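Participant: Fit chain B to the known structure of chain A by using the hints.
Chains A and B, in that order, give the protein sequences.
Here the first sequence stands for residues 24 to 347, numbered as in my numbering.
Here the second sequence stands for residues 95 to 373, numbered as in my numbering.
Hints are not guaranteed to be accurate.
On the chain A side, residues computed to face chain B include the following (Cβ under 10 Å) [said to hold, decoys possible]:
id, residue
1, F82
2, G185
3, D248
4, K251
5, N281
6, G291
7, F303
8, L340
To be clear, the hints were calculated from the coordinates, so they are not data collected in a lab.
Note that the coordinates shown come from a computational prediction; the quantities given were computed from them, not determined experimentally.
In this text, a Cβ means the ideal position worked out from N, Cα and C, and glycines have one as well.
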Amino acid sequence: MSATTTTPKTSSPGSSPAGKTRKPRQAGWWLPYALLGPAILFELVIHVIPMFTGIWMSFLRLTKAFISNWGKAPVTGLQNYTVALDFNSAVGAGLLRSFLITCAFTLLVVGLAWVIGMAAAVALQKEFWGRGFFRTLFLVPYALPMYAGIIAWKFMLQKDTGAVNHFLFDNLGLGGDKPFWLIGDNAFWSIVVVAIWRLWPFAFLMLMAGLQSIPGEVYEASAVDGAKPLRQWSSITLPMLRPVNMVLILVMFLWTFNDFNTPFVLFGTAQPPAGDLISFHIYNASFLTWNFGSGAAMSVLLLIFLLIVSGIYLLVLNRRSRRA
Amino acid sequence: MRETTGAKSFRIVVLTLLSIFTIVPVYVMVTSAMKPLADVQGAFTWWPSSVTFAPFIDMWKTVRLADYFVNSLIVAGSATILSLIIAIFASYAISRYRFRGRTIFSTTVLSTQMFPGVLFLLPLFLIFVNINSTLGIQLVGTRLGLVITYLTFSLPFSIWMLAGYFDGIPHELDEAAKVDGCGPMGALLRVVLPAARPGLIAVAIYSFMTSWGEVLFASVMTTDANRTLAVGLQLYSTQTNVYWNQIMAASLVVSIPVVIGFLLLQRNFVAGLTAGAVK
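In isolation and in its complexed conformation, chain A is listed as follows (with noise of 0.2 Å):
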């Protein structure tokens, strides 16, 4: 990328009839901010304006007597957040527990999808018989509408008549009763397994896409030295995936802790604990109790760890390897 933003321009005036087009420098500066500008416009419409709204509305009682008039909502100040943040209230211990099972959550969900997808694109980064097609499979996952996957989940989870238990204790043969997978403390469990098969292509994918760059003679000159694949993979694969891997799992984390279409698709109204992710938590808390200020100071909470969390790893990431 820097290589070429400092190609020195090469075009010479006078050169051609068309050099009398050639206009001053400063004339077109404001192309790049027109160019910008509906990028921008829709930026703020849609996610600047409304999230500093969003903090505003965090400082008031905004419950539903003044939800068709939020004007009038009276400023509480920070009494949303000492609330939030009392651990020993029923609204603070709750918010604390999801947070812990987000962070449980998203430390499995990242940490296996990340090995899965980066086996996946080691064991198709060679040619051989049928690549394409492991290749193509193996994005499906991805390719589904995320709500139509975890329908099909939903429903293999089923007590009775799901797949689950119908393998588990009808074709292996365990003994006892069957488990409920949707309510109790497996709930956990089932949103784990289920968002990691929706995640992981998409580790596959961005692994896959940086092998491609790798170019083969570096493995081969390794093999003439007597490097064994083991070998190989720690000492070029994971360095040249660097820049590829900075990125994948930041996203990945993003993504990951603000997961709300799993919980809500998987359980619906039913809401087991040990599956409450904080979005999930934060968006029933705001419509179940009607105070929107409560579930704003929750969400800013929310974005403030994360851009704590982001901040620090792009901080120490970027320490390390400064770009040219």
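Facilitator: What follows is chain B alone, placed relative to chain A:
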């Protein structure tokens, strides 16, 4: 180069396990869609007791699936086209010009990706309501409101990916076009865009999939008039009887356009990622 037995068995194990993990839910979806109702209400079976295509016919009657299909198609299609056009202009500016505010714009746009949806869901809803009462433009419960919301969801990633793709197209090409009498817009339309085709296709696929699969905003911003498939499919389970066979049939049918489109164009998608996102 000879492949070691270790590498080969690694490949076989990984590919087998992942194929099973990937395909089982799809298999269940396909076979259950062809089961009679009694099959999906009793214990699970890996194969239908009798193959029937009735769910594919009944599903259109249980909920207004055709309407939701049309809504999703119009919303996702419009959002994709608009987002692509906007992203092309913005990426061209970022890739080809050095101007004040360039870095701020890039970082701000990318950082909107990390905003939790719940944070701006309700404010956006209230803003839409206010726009309706002051300007008379109805955005809640209309396709227009969904289109402008969805196009911004794919915009940050699209701009980022396209800007990277444009960077890979040599500046000499634009310069040559300008020497031949093209303005900056002419250079973009005649030289850069044709060269960036795989990137454009990748961005279009990404945008379409984002809009087609969006659930959170659809669950709040849609009424009966503009309900999309994401919400419409959930209506099957609120019926007194859970028609799992029809749900699976409907899931299958709404997946087919995107899955086929994506799989046909995946090479472009990978090429677009390689050039844009992966640098």
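Participant: State for each hint whether it applies.
Facilitator: Cross-check of the supplied hints:
Hint status for F82/A: violated, given a least beta-carbon distance of 13 Å to chain B, over 10 Å. Using the Cβ-Cβ criterion of 10 Å, the hint placing G185/A at the interface with chain B is satisfied: the shortest such distance is roughly 6 Å. Given the 10 Å rule on beta carbons, the hint for D248/A is violated: about 13 Å separates it from the nearest Cβ of chain B. Among the interface hints, the one on K251/A holds; its C-beta lies about 7 Å from the nearest C-beta in chain B, closer than the 10 Å criterion.
For N281/A, the interface hint holds, the least distance from its beta-carbon to any beta-carbon of chain B being 5 Å, beneath 10 Å. With its C-beta approaching chain B no nearer than about 7 Å, G291/A sits inside the 10 Å limit, and its interface hint holds. Nearest Cβ of chain B to the Cβ of F303/A: about 9 Å, under the 10 Å cut. The hint holds. For the restraint placing L340/A at the interface with chain B, the shortest Cβ-Cβ distance is roughly 14 Å, beyond the 10 Å limit, so the hint is violated.
The earlier numbered hints that this structure contradicts are 1, 3 and 8.
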